[in-house]
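Let the hints inform the model, and build the full structure from the sequences given.
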Amino acid sequence: QVQLVESGGGLVQSGGSLRLSCAASRSIVRINAMGWYRQDPGKGRDLVAIISSDGNTNYADSLKGRSTISGDYAMNTVSLKMNSLRLEETAIYYCYIGTDGRVFWGQGTQVTVSS
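Basically my numbering = 1-based index in the sequence shown + 24.
Derived from the structure by calculation, the hints contain no laboratory data. Mixed in with the good hints, there may be bad ones.
Think about it this way: if two alpha-carbon atoms lie no more than 20 angstroms apart in a straight line, the pair counts; the simulated SDA-like pairs of lysine to any residue are [said to hold, decoys possible]:
(1) K67 <-> R110
(2) K105 <-> S86
(3) K67 <-> A84
(4) K105 <-> K67
(5) K88 <-> R110
(6) K67 <-> V135
Between beta-carbon pairs, the in silico distance windows are [as the list claims (entries may be wrong)]:
(7) G89 <-> R50: 28 to 36 angstroms
(8) S76 <-> Q27: 20 to 28 angstroms
(9) A98 <-> S139: 37 to 45 angstroms
(10) D64 <-> G89: 18 to 26 angstroms
(11) D85 <-> S51: 31 to 39 angstroms
The structure presented is a predicted model; accordingly, all values stated were derived computationally and were not measured. Every residue gets a Cβ at the ideal spot worked out from N, C-alpha and C, and that includes glycine.
Pasting the structure below:
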């Protein structure tokens, strides 16, 4: 069974930067998109950034210009660099890999932005 292993979460001060990384435990074929979502307690999971197999990227409006997503489709890894982090971006961040028929999620990594 494929697992997505995330790393890089933690505590960061407001205005600081953080890099999240995710790697699949086994090879995944026919990936069409990789990315990151985040979830606040009691709320749904929202898109943070996604990169498709053709290299197109999409970011949440609040993160445009402050974040960069990169993906290696051969190695099944995806990373997200976030800059100028804000208090309201405290959440659990989930790695995502989607194929034609399946969706894989990481276990989530906590990001806490402090004042």
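TODO: Check each numbered hint from earlier against the structure, then list the numbers of those it violates in ascending order.
DONE: 4
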